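Enquirer: One-letter residues, chain by chain:
There are 2 protein chains.
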Amino acid sequence: MSNNLRVGLIGFGTVGSGSAIIMREKQQLFFERYGINIELKKICDKSPVQRITDEGFSPEIYTNDVNALINNPEIDVIVELIGGIEPAKTFILRAIENGKHVVTANKALLAMHWDEIFSAAQRKNVMVGFEASVGGGAPVIKSIRESLVANNIQKIIGIMNGTTNYILTKMEEEAKDFSEVLKEAQRLGYAEADPTFDVEGVDTAHKLTILSSLGFGYNIKFSDIYKEGISGITLNDIHFAKELGYTIKLLAIGQNIDENGIELRVHPTLISCSHPLAQIKAAYNAFFIEGDRVGKIMLQGLGAGKYPTGSAVVADLLDIARFHGKNNSLNPVMNDAYKLKDIKDHTGRFYACFYVSDRPGVLATISGILGKRNISIASVIQKERSEKSNVPIVMLTHEAKEKDMCDAINEINALDIVFSNTKVIRIEDLTNWEN
Amino acid sequence: MSNNLRVGLIGFGTVGSGSAIIMREKQQLFFERYGINIELKKICDKSPVQRITDEGFSPEIYTNDVNALINNPEIDVIVELIGGIEPAKTFILRAIENGKHVVTANKALLAMHWDEIFSAAQRKNVMVGFEASVGGGAPVIKSIRESLVANNIQKIIGIMNGTTNYILTKMEEEAKDFSEVLKEAQRLGYAEADPTFDVEGVDTAHKLTILSSLGFGYNIKFSDIYKEGISGITLNDIHFAKELGYTIKLLAIGQNIDENGIELRVHPTLISCSHPLAQIKAAYNAFFIEGDRVGKIMLQGLGAGKYPTGSAVVADLLDIARFHGKNNSLNPVMNDAYKLKDIKDHTGRFYACFYVSDRPGVLATISGILGKRNISIASVIQKERSEKSNVPIVMLTHEAKEKDMCDAINEINALDIVFSNTKVIRIEDLTNWEN
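Heads up: the sequence lines are chains A and B, in that order.
Going by the working numbering, the first sequence opens with residue 1, and the numbers climb by one from there.
Going by the working numbering, the second sequence opens with residue 1001, and the numbers climb by one from there.
There may be inaccurate statements among the hints.
DSS-like cross-link-like pairs, simulated, lysine-lysine; straight-line CA separation at most 30 Å [unchecked claim]:
#1 B:Lys1306 <-> A:Lys155
#2 B:Lys1281 <-> A:Lys326
#3 A:Lys281 <-> B:Lys1221
#4 B:Lys1155 <-> B:Lys1176
#5 A:Lys242 <-> B:Lys1281
#6 B:Lys1155 <-> A:Lys170
#7 A:Lys155 <-> B:Lys1281
#8 B:Lys1242 <-> A:Lys170
#9 A:Lys326 <-> A:Lys89
#10 A:Lys281 <-> A:Lys306
#11 B:Lys1372 <-> B:Lys1344
#12 A:Lys281 <-> B:Lys1242
#13 B:Lys1242 <-> A:Lys242
#14 B:Lys1221 <-> A:Lys326
#15 B:Lys1306 <-> A:Lys281
#16 B:Lys1124 <-> A:Lys281
#17 B:Lys1221 <-> B:Lys1326
#18 B:Lys1242 <-> A:Lys326
None of these hints come from the bench; they were simulated from the model.
Predicted, not measured: the structure shown is a model, and the values here were computed from it.
Please put together the full structure from these sequences, using the hints given.
Expert: As structure tokens, this is what we get:
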């Protein structure tokens, strides 16, 4: 095949159509600049042919039969952009079995079946490109896998889901509550009809599985990632955080710096307003990576979208083309035996918002329960009595053990002066960029 | 050679020793993870052998004869880390002639002799890796060349020199003037004894030559880059800028968006304090890149240093190893015939600081001269009379033509109410990250 790469595209949705359009518009340029001919031979989609002819593609390249791609000897690489586990997994494995390279943006599939897919690819000496699976157009996969190859990666911390970041940004900027912003996001197409995967942190955890596998060199299990979503975050939380100099972001945190094991967590997090991650608004993603030799680097870009993600898909195709059909990617041989740090062993600072009766002695009772477990308080906000008799008291703690904090909160929640469950959000004291 | 890459290193200074140490410490890891053996065979340096034995390297691999590397059939790749044009250029060309791959951090050499070096590499089918030449450990070369390959790059804007950024940061944070901070930086080893290349923007222009050649696909001539350094920036300028919501950075700006041609300029620039580039402090570098399909991405990292730059050198070695001895890099075939936008055709906003006598009518005279050329004023700071009779007046203009601004300033400087030459600094209204 050499410098001619014949592509079969499965899925002509948002990213599929974007990728196809980029292949077409840049075909001539790639050939002139690099001598590489990326030829889109077939598009397979369940929708009628009109969907692709509407975008100016010839009806001859359309099919609704996936076998016309994955069993086609005239196709060198399958681009899978239908998402989800099945039938995507079957299609990809059959394509690999037939000696075809694969490019995919399917983070759920990679997070759940990494080993199966890459073992098959290894056996058949084909490449699996997946830059588009994390970070949209921001080149985070290639950066970790190739540019930082000389490093032991210590930290991968990021905002990896545009939908939740959009919701949190709008809540903060427009003082609207979660459900209102979510509805708006659904109307604008920024959130799915069923938003669970995004808002409950599942999508972010898929991405953290991929990045931490690559970065730490272990077959990270998706189920090992601690997950908490943003659906419980209230406007009150956002306002109190701001008053204290923090913003709330859904962070993915992977750290391999602790003798207790690798930390893998996805949860809403208070971060200082002055940290660069706090500046990442709306649909942008950001990845803060620390390696033992490179120090800290940060990458930012649009985390999703037709063309940003299409740009990553097409970059993977060029990578495959220039390897002349051999799988020479830096696919680390990964170890299964990693030690996982339990979330209960986490130590950190916490934000807690208590809804309590406005009676004398309440603050003393709460701080007594915390103090008994060596949890000391860094700051408190208690506002004057409103018309209601229950008032929120907000505390930021100093460093405390997760387990102690849980125990204390359980004890506090059982008090009759407490009206509703206490909201606890972890604080992440990210080292400052310059230090 | 396959998966065994035998390395000859020329230059055991800061980056050379860092690269050698990383090769040694990660040799086992690379072999276990990727089956790639990076073997450091020879180190050539002018200093005595002790310099390398002090770092724990065996005296047998030391030589002060460069021919023992570049004519050595047992060496596959030459890592050139001595810097400067000669003898580095001769060494590199002879290594290429002998069929060896090359890795270099030499931005001056690449900026001045790009075509000669890459033509030679093309003829001999060897690779020239140069990730370490720009951005230290931040993977800007690979991102532009590979990850953004599907894009027409429209903008490359960045803080590309750590020394000047350190100086400007310290001036702003510690209210010290240029010469004081420069002396401090020299004492700490952040600035060279002869700081001209850094402070006058030459180093930044070298880097912009490399990035804009790759990004825009033309053989960009170093001499085509408009250059202005930071040695004329005063504390007053920094304070006034801050008062108006701006910070001063030495920016490299490459833009291919204008029918008048490609813009290539390096100069101190007022940018809004709220733009992410304004947050880049001290020795960090940042690269803001815009492509037609990916939108905006940004990369940040330590722009220099023993290990961050060594990390990039070693990443290039892995890239070479996995290509099995063939030059398959995405080296664009570049066009010489680009249209350059003259700085006189630049249109933008300006900061101007006039040192004038504190007499009635002065403001009217100045604004009259500006108004005559359709330069209108967006804001003015005039402080109350100090003890001296000359006072600074600071103006920010609305959009104006560079040529009109120059003419107006010349006319104003000739007035007898003007004490010293007016300081003019361009303002860059960088589109906001989120828009």
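Enquirer: List in ascending order the numbers of the hints, as given earlier, that are violated by the structure.
Expert: Result: hints 2, 3, 4, 14, 15, 16, 18 break, sorted rising.
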